[in-house]
Amino acid sequence: MPNWYATSPLRWSEGPVADMASLHSIDDIPGDTGAAREREMRRYQGACWVFDISRVRALIESVSAGNRPVDWVGTLLAGALTLDANGNAVHLFGAYAGRERMLGRSVGSYWPAEGRNILADLIVGAVAAHSRRTVRKIRIKSLVLQDPVLLAWMSDSSDLTDVVFVAIVAEPIDDRSFWALRTSEERYNNLIHHLPFAFLEVDSRAQAEIFDEQRRKGLKDVAAYLDSNPDDIIRARDIVRITDVNRSAVQLFGARDASDLLGPVDPLFAASPETARRVMIHHFEGHRSYSEIMKLRTLDGRILDVSLSVTYPTRPERLDITLIMLEDITDRLRTEAQLRQLQADYTRAARISMLGELASSIAHEVNQPLSAILTNAETSLRWLSRNDPNLEKVAQLTTRISDSAQHAGEIVRRIRGMTTRHIPRSVALDLNEILEEALLFVRHDIESRSIELSVRLQPDLPKVRGDRVQLQQVIVNLLVNSVQAIQQRGATRGAIELSTNTDAQGAVTFTIRDDGPGIAEDDIDRVFNSFFTTKEEGVGIGLAICQSIIAAHGGAINAANRSEGGARFCFTLPICE
Amino acid sequence: MSKPLLIAIVDDDQAMREALFDLLQVEGLSARTFADATAFLAAAAVMEFDCLITDVRMPRIDGLELQQCLRARGSSIPVIFVTSDEGEVTRTQAMNGGATAYLTKPLANAELVRNLALALERRSGR
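Chains as they are written, first to last, in the numbering used here: chain A, 1 to 577; chain B, 1 to 126.
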């Protein structure tokens, strides 16, 4: 069980070593026949730990000699193992975690973040002194202990060469306040544990110190700095450490228990190295928090989409911990993607059905260049079959054949663009161009019904952002609607006006006006509803899809009747930033 | 010596217009091309054409309306439609309006040449 209790009840200060007179030493009680370790553990009445420092001996000696590598504190505490801890020690840091959270574990896995530097300094001092006669002491601050003092020493026994003893000695200030605090801590503990989000407590002070130093040296543009010093990001991922996690985090990462996750924060960014860079930049720039959606590789190898939120410690409370919250949004993103695909499929189905209605108009468009090609090819052959072939003429005709073939190819490409399955893309587009392209599909239909088409395009129209095919679909749909409306009126002639413009808000507008019968007043609010239709053969999805496409592009579409008769449809799209 | 023959081509599609012009040229016929009916009518008022080749579907004045307009003016010029419109209704309208031929695209050059020859023969034999 993760030890959220670990940061309390002690709060540490980095003040100087103070008067040790208040220490209550029981040193004068001689240890009888017990082992040297037992004797040392009972040296002070208080919380006591026994650490095996064999794995970090070299580091301690190096620090002692004045050589302090980056994050030596983290490395030291990660390498020092807990051989033993007395009841008070368990009670003080690990009452809820239990003794097993300490024994055999690294000191770094449970020692409160704010007390690490002091402890590491003290261990180095004790090893340097290497005698139980020289006990290193430092006064620390606590909310529940009166004048607590942290002590460290080594035994004189030759059996205990790589063992450091650490104790905290003090008197409880007030039992009631202690228990009140403990109850509050427990409530917090329960709350954090049962939240459905993964919480990680992170100690990023080693990195903060590096940033402070760089700031002092005048670093301003941290992004540029990290670009030219990518190793700093790798180092940060190592020296910034996860010091505690909740139950949801264990589940999210597919870990066996919390201890799998404690240590360098590196695994968090395994699948999203760029995220580490952005988290660092926001930290350096003094932001209070940062969040983004990132990929997470779990310990059991799954790749998840998670929403990451980092809350940084800020001055003056910078001794506090950095909190990272992770929410698994893999399912949500998958559902959203499926929904988008479904909408795209539906939109495409409507598009294909719409093209079906325009088949004869489209056939005409393709037939035009093909006819020209045939005629030109036969004319060429005639020139060539003459006794004196006119090669100049043949060259000219061949160029025309090539042009017409390209034109036909372009038409086929556009038709295919309307029918093939594609994921809508958002790119900068010129709506005037889209309008011209859309006309290809309908122009012949319009002409064959003796409908006068007038097009007024605003030159230098600002670009809009969107999907070319979907916007073409909207315009074709509105055009077909107008043509059918004019036809419904039964007149032999009709008129459609198309225009593009920018409105007072700077948005790009498209307007289509027809001189059909207009929209019945009762229907005007329903024309964009799915399955609303006034046509006998209509399904009533065309305008509904137009509306959903325009809405997905951040725009709006509306319908109105014109005072002079006929209908007017208008949509607006925000301009491309 | 008789006056050289002059054919009018009216089609809003530039590629088709040029192709028809070249087709007639290789056959030794002179032609004038027009992008729309209005331009042709203006020219027809001051010069005489021996045959009109026109599309049906065109913006503003379509081919059928153009034929009606010519007949209303008392012109007996042979009219050959060259069109993508395969609709029977349009074909009947065209033929009832006095068209010489109603040819659908894409069409072989020989087909047009044959119909053109017939139209010109009929016109000269009149």
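Don't read these hints as lab results, they were simulated from the structure. Hints are not guaranteed to be accurate.
[Claimed, not checked] Restraint-style ranges between C-beta atoms, simulated for each label pair:
1) Leu-118/B <-> Ala-344/A: 36 to 42 Å
2) Glu-521/A <-> Leu-6/B: 33 to 39 Å
3) Asn-387/A <-> Gln-14/B: 56 to 62 Å
4) Arg-71/B <-> Ala-428/A: 25 to 31 Å
5) Ala-495/A <-> Leu-118/B: 35 to 41 Å
[As the list claims (entries may be wrong)] Heads up, incomplete: computed chain A residues facing chain B, CB under 8 Å, no partners named:
6) His-364
7) Gln-368
8) Leu-370
9) Leu-397
10) Thr-398
Positions of the beta carbon are idealized from the N, C-alpha and C atoms, including for glycine.
Measuring from the C-beta of Leu-397/A to each C-beta in chain B, is the shortest one below 8 Å? holds (6 Å)
Please check whether Asn-387/A and Gln-14/B have a Cβ separation lying inside 56 to 62 Å. With Cβ atoms ~32 Å apart, the hint is violated.
Does the Cβ distance between Glu-521/A and Leu-6/B fall inside 33 to 39 Å? violated (58 Å)
With respect to the beta-carbon atoms only, verify the hint that Ala-495/A and Leu-118/B lie 35 to 41 Å apart. holds (39 Å)
Do the Cβ positions of Leu-118/B and Ala-344/A conform to the proposed distance bound of 36 to 42 Å? Once the Cβ atoms are compared, 55 Å apart, the range 36 to 42 Å for Ala-344/A and Leu-118/B is violated.
Just to be careful: measuring from the Cβ of Gln-368/A to every Cβ in chain B, is the smallest value less than 8 Å? holds (5 Å)
Is the interface hint for Leu-370/A satisfied, with its Cβ closer than 8 Å to some Cβ of chain B? Status holds, d = 5 Å.
Please verify that hint: Thr-398/A, Cβ, nearest Cβ of chain B, below 8 Å or not. Cβ of Thr-398/A sits 12 Å from chain B, so the hint is violated.
Using the C-beta atoms of Arg-71/B and Ala-428/A, is the stated range 25 to 31 Å upheld? The hinted range 25 to 31 Å is violated for Arg-71/B and Ala-428/A, with Cβ atoms some 53 Å apart.
Closest C-beta approach of His-364/A to chain B relative to 8 Å, hint status: Given a least distance of 5 Å, the restraint on His-364/A holds.
Figure legend: structure checked against the earlier numbered hints; hints not met, in rising order: 1, 2, 3, 4, 10.
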